[in-house]
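Got chain S; can you put chain L on it based on the hints?
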Amino acid sequence: MNLYNVVDQIEKLDPDMSGRLDGRRAALKQFTSFAGKVALAAVPLSLGGMLKKAYGQSVTTVLDVLNYALTLEYLEAEFYTQAVASAGLIPAGAPTGAITTIRDHENAHVAFLRTAIQGAGGTPVNKPNFDFTAGGAFANVFSNYDTFLAVAQAFEDTGVRAYKGQAAKLISNNDVLTAALNIHSVEARHASHIRQMRRARGAAVKPWITGKDLGGLPAATAAIYAGEENATQAGVEITNINGMSISMDDATEAFDEPLTEQQVLAIVRPFIR
Amino acid sequence: MDIISGQKPGASEQHPIARNVSRRNFLRFAGITGASAAIIITGCGKDETDEMDGGVNLGSGDIGVLNYAYALEQLEAAFYTRVAEMPYNNISPLERQYFEEIRDHEIAHRELFKKALANNAIRNLEVDFSAVNFSNRESVLATAKAFEDLGVSAYNGAGKLLTNPDYLLLAGKIVSVEARHAALVRDLIANGSFADNTIVDANGLDRSLNPMEVLAAAAPFVKTRINASNLPTN
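So the sequences go chain by chain: S and L.
In this text, residue positions in the first sequence follow the working numbering: the first is 1, and each later residue adds one.
In this text, residue positions in the second sequence follow the working numbering: the first is 1, and each later residue adds one.
These aren't lab readings, by the way, just hints derived from the structure by calculation.
Where is the CB? At the ideal position from N, CA and C, for every residue including glycine.
Check the hints yourself; a few may be wrong.
[Unchecked claim] Taking lysine to aspartate or glutamate and the EDC-like style, the derived pairs with C-alpha atoms no more than 20 Å apart in a straight line are:
id: 1; chain 1: S; residue 1: K212; chain 2: S; residue 2: E261
id: 2; chain 1: L; residue 1: K114; chain 2: S; residue 2: D104
id: 3; chain 1: L; residue 1: K115; chain 2: S; residue 2: E237
id: 4; chain 1: S; residue 1: K212; chain 2: S; residue 2: E229
id: 5; chain 1: S; residue 1: K169; chain 2: L; residue 2: E126
id: 6; chain 1: S; residue 1: K127; chain 2: S; residue 2: E78
id: 7; chain 1: S; residue 1: K169; chain 2: L; residue 2: D166
id: 8; chain 1: S; residue 1: K127; chain 2: S; residue 2: D104
id: 9; chain 1: S; residue 1: K212; chain 2: S; residue 2: D249
[Stated by the list, open to error] Label-pair distances were calculated between CB atoms; the ranges are:
id: 10; chain 1: L; residue 1: T81; chain 2: S; residue 2: G202; range: 29 to 39 Å
id: 11; chain 1: S; residue 1: N140; chain 2: L; residue 2: E85; range: 39 to 49 Å
id: 12; chain 1: S; residue 1: A85; chain 2: L; residue 2: A190; range: 20 to 30 Å
id: 13; chain 1: S; residue 1: G88; chain 2: L; residue 2: S92; range: 24 to 34 Å
id: 14; chain 1: S; residue 1: G136; chain 2: L; residue 2: R123; range: 42 to 52 Å
[Claimed, not checked] Just a few of them, taken from the derived set where beta-carbon distance is under 7 Å, the chain S residues facing chain L:
id: 15; residue: L89
id: 16; residue: A92
id: 17; residue: A188
id: 18; residue: N240
Same shape as in the complex, but just chain L:
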């Protein structure tokens, strides 16, 4: 079974995982367990197979972790590009400005990874935002909140996977900006929810998720099959 099982070449409908993981579940991704993610990864294919099927293999070591971050930034940048292109109904000038700036931040992240990874970079991912109603503020904000909280959790969980301190610092420079975004989006939904107890625990700690948990949560929005089986696990 493939990890984030992408559609087969030529198939036009959503891939199996996307059908099985409803948007509702995505928005409640905190409930995703390591166990369910572990099942998804079982028996990942090899690099050549991934490429032949139109999927991508993130690779191993620090390069793999950077490609993992690159994949997430591609997803976020694509989402906010859509939000900025077709702002939701009755968007305020300030909210429009904020979403354009967040878009630019995510594009800057994406392009930096692309340039830094050079020949090691995975190709452009195909995204699927059919579950998002871009004209509806509630739908856009709920999706943005999920992406930002997921991004923070992903970087928090990926820090320990890196061996090069320069890459670790780079990840640190990005994750706090994602957290600033997350807090803003949460406050736009409900003022004061910037760090509520749905995301920060009793020790005052934010959440960390491993790549399998993150990719499973992101799967409904990514058509391209992503093989993360060679990523480091600690």
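The shape of chain S in the complex, shown without the other chains:
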């Protein structure tokens, strides 16, 4: 099916379409563009099916990735929202300020992804019901500050690895890829800060991930760091590369590793009712 014909059909169904978008070429470009999300959010959802057919696999894949990301953002947003609302959990001052900042970012990611999915003709998945105690494994997650920070680190490091694992699927859609990267690095900033907050509480962690070290998290969380011990990149051994003094710890810290969707879902499943 000719993609340009799709736009013709939209224009027939919605004469204002061409007025909202600057030209046909731009309309095609903006269809999956976050830049055009405001205009596109106004496109009736019934058109989504037709557009999805026209764009075929690539849009289906992109929407799947976005809904997967949305699920993870729901998890984080709800987690921090409940934490900030839990009286006495987070010390006043800098800690509350930092967690509030992170909560606001996660809520913004949820809103952004929902708008983007709707703009691309998709339907955002519903927010799951969460159990942040993971069936009792973290029973005091909202009453013990250290447990809360440990789970926060688990979520942030998982989030970083999860987005990284989806990048290749978005390679043909520059706008979505760039937006995903822009979320990905924010999650990494969060991870760095949460790790510093844990260190301030006495945990033996650094802002970056050393090997597959759990940083004091329970052994049950090992899947979160599985594979982080990789020290070979692009077929090149990083340890002492080109005669430089690069230790195994340095080599693993210098690169964060991806997780597949299956790996991530296995990690978060205990937190979903």
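For chain L alone, kept in the frame of chain S given last:
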């Protein structure tokens, strides 16, 4: 006009762009616009000219993008090598350890690109850190913050320029580590500024910059003229 106009062979003073772009402006590089960067790139020379003048041409396609990353990693590695060699006054043991580790991360990145690019790699860049007071914590941290935020923005903006998914994943593996560095350095300057609204927007998104914006921001610290005119633009 050359892109990041390097000094002419034999000249000893800073190159024209470096003189024009003050350190203050560099540290506020968020204000750099596409328009100003576009002016800088106009009329870039050819490869042979670049080489004859002692400059470098990043090249085209994925190789060009990898050379662009290699250039940035050279800059960062050189900076942290200096920081680790001459730590600022009254540096704490933990901060010293962190900066030595960041140095090693950046060296690992730099050497990986060098090895992966092999014969396609640009030569070693000549850097200029005369604007940095290495004995002063504030000066070092401010420069580190600028480099790390710039690195994150550069990788975020470069992802879409790559066509090989393996290279895209590699860039993804590096950018999150740069973001971890950026957050740490920001927190050392002001605790809680790891992802403040000077770098993360209302949608919770980090910044992306294109190579012209990034190279213009880095220009005061690089003497070697870098021609990025053959890089992909989307």
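Hints, verified against the model:
no.: 1; hint: S:K212 x S:E261; in the structure: holds, 19 Å
no.: 2; hint: L:K114 x S:D104; in the structure: violated, 40 Å
no.: 3; hint: L:K115 x S:E237; in the structure: holds, 10 Å
no.: 4; hint: S:K212 x S:E229; in the structure: holds, 5 Å
no.: 5; hint: S:K169 x L:E126; in the structure: violated, 37 Å
no.: 6; hint: S:K127 x S:E78; in the structure: holds, 9 Å
no.: 7; hint: S:K169 x L:D166; in the structure: holds, 11 Å
no.: 8; hint: S:K127 x S:D104; in the structure: holds, 17 Å
no.: 9; hint: S:K212 x S:D249; in the structure: holds, 10 Å
no.: 10; hint: L:T81 x S:G202: 29 to 39 Å; in the structure: holds, 32 Å
no.: 11; hint: S:N140 x L:E85: 39 to 49 Å; in the structure: holds, 46 Å
no.: 12; hint: S:A85 x L:A190: 20 to 30 Å; in the structure: holds, 26 Å
no.: 13; hint: S:G88 x L:S92: 24 to 34 Å; in the structure: holds, 32 Å
no.: 14; hint: S:G136 x L:R123: 42 to 52 Å; in the structure: violated, 59 Å
no.: 15; hint: L89; in the structure: violated, 18 Å
no.: 16; hint: A92; in the structure: violated, 13 Å
no.: 17; hint: A188; in the structure: holds, 4 Å
no.: 18; hint: N240; in the structure: violated, 10 Å
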